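Novice: First to last, the protein sequences are chains A and B.
The letter at position 65 of the first sequence is residue 65 when you use my numbering, and the numbering goes up by one with no holes.
The letter at position 48 of the second sequence is residue 48 when you use my numbering, and the numbering goes up by one with no holes.
Please keep in mind that the hints were generated in silico from the structure rather than gathered at the bench.
Note that the structure is a prediction, hence the values are computed from the model and not measured.
All C-beta atoms, glycine included, are put in the ideal place defined by N, C-alpha and C.
One thing to keep in mind: the hints can contain errors.
To be verified - Short derived list, chain B residues pointing at chain A, Cβ under 7 Å: (1) V18; (2) A47; (3) I77.
Claimed, not checked - Below, computed lysine to any residue pairings styled on SDA-like, alpha-carbon distance capped at 20 Å: (4) K164/A / A80/B; (5) K88/A / D89/B; (6) K164/A / V81/B; (7) K164/A / R85/B; (8) K88/A / R25/B; (9) K164/A / H84/B; (10) K88/A / L90/B; (11) K164/A / V73/B; (12) K88/A / A30/A; (13) K164/A / E70/B; (14) K88/A / R25/A.
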Amino acid sequence: MDGTRILFDGFALLAMGSAGLCITRRNPVASALWLVVTLFALAALFVLLDAQFIAVLQVLVYAGAIMVLFLFVIMLLNLGRAAPTDLKGPLGLGVGVLLAGLLLVQLLVLRQAGPATGGAARATVEQGIIPTVARPLFTAYLVPFEITSLLLLAAIVGAVVLAKRKL
Amino acid sequence: MLLGPALTVSGVLFALGVLGVLLRRNAIVIFMCVELMLNAANLAFVAFAQQLGVAGQIFVFFVMAVAAAEAAVGLAIILAVYRHRHTVDLQNINLLKG
Numbered sequence: 001m002d003g004t005r006i007l008f009d010g011f012a013l014l015a016m017g018s019a020g021l022c023i024t025r026r027n028p029v030a031s032a033l034w035l036v037v038t039l040f041a042l043a044a045l046f047v048l049l050d051a052q053f054i055a056v057l058q059v060l061v062y063a064g065a066i067m068v069l070f071l072f073v074i075m076l077l078n079l080g081r082a083a084p085t086d087l088k089g090p091l092g093l094g095v096g097v098l099l100a101g102l103l104l105v106q107l108l109v110l111r112q113a114g115p116a117t118g119g120a121a122r123a124t125v126e127q128g129i130i131p132t133v134a135r136p137l138f139t140a141y142l143v144p145f146e147i148t149s150l151l152l153l154a155a156i157v158g159a160v161v162l163a164k165r166k167l
Numbered sequence: 001m002l003l004g005p006a007l008t009v010s011g012v013l014f015a016l017g018v019l020g021v022l023l024r025r026n027a028i029v030i031f032m033c034v035e036l037m038l039n040a041a042n043l044a045f046v047a048f049a050q051q052l053g054v055a056g057q058i059f060v061f062f063v064m065a066v067a068a069a070e071a072a073v074g075l076a077i078i079l080a081v082y083r084h085r086h087t088v089d090l091q092n093i094n095l096l097k098g
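Required output: the full structure, derived from the provided sequences and hints.
Specialist: Here it is in structure tokens:
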């Protein structure tokens, strides 16, 4: 077992453990902070999987911007304390664990259908970290990229319209 | 090769996200569990991108953009619902017309 594998297993355990804590904490702020830990661990996994630029984006966009937005709304609505009815009762727990376990088994069975090997790692060595991602983004995937700007514009307008008291 | 372990982690994280959505009643926490599921999918994309070329990483880009847009609109909806009903507990938000 080499060093990469040991690091990968460590961060994988950290990600799964903090995800488990995230969905079981009654306090929404604690839940959000455990989700931040999960996102950081996932960024480390991205680095180990040769996606360094995606890892940077994960920290900046997810752990930075999106989670700050979540914490901001939690604080704004003054939800910092645990609600008595937040977690569902024994029946809901049973059904939830059953369905999630079923899905987990299906996903782990699907794991067997592995593809042939190619190499993004080699491309990274040849072209550098950011050009590997940026060149296809601005050539082959240019149209989806431009449409994304339209989506973000729609999201901005939608958020303002929804959250404003009176236009 | 880390593809197998990465897919296992991805599956576990996705199942935990589903469990959270089924288990919780706080709308914001449910929303965070949806983000967890998106991240599990991202991990699978990146793991496959290591094997099959860089297209998977491009797709993670778009997933992140959609997630950011979804977070902005979703939290605005939660704010609007809170202003209307003074709770984000989904047990008390059970009317389509209200």
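Novice: Would you mind marking each hint as holding or not holding in the structure?
Specialist: We went through each hint and held it up to the structure:
no.: 1; hint: V18; verdict: 5 Å, holds
no.: 2; hint: A47; verdict: 6 Å, holds
no.: 3; hint: I77; verdict: 6 Å, holds
no.: 4; hint: K164/A / A80/B; verdict: 8 Å, holds
no.: 5; hint: K88/A / D89/B; verdict: 11 Å, holds
no.: 6; hint: K164/A / V81/B; verdict: 12 Å, holds
no.: 7; hint: K164/A / R85/B; verdict: 16 Å, holds
no.: 8; hint: K88/A / R25/B; verdict: 7 Å, holds
no.: 9; hint: K164/A / H84/B; verdict: 12 Å, holds
no.: 10; hint: K88/A / L90/B; verdict: 11 Å, holds
no.: 11; hint: K164/A / V73/B; verdict: 12 Å, holds
no.: 12; hint: K88/A / A30/A; verdict: 18 Å, holds
no.: 13; hint: K164/A / E70/B; verdict: 17 Å, holds
no.: 14; hint: K88/A / R25/A; verdict: 13 Å, holds
Comparing the model with each numbered hint stated earlier shows that all of them hold.
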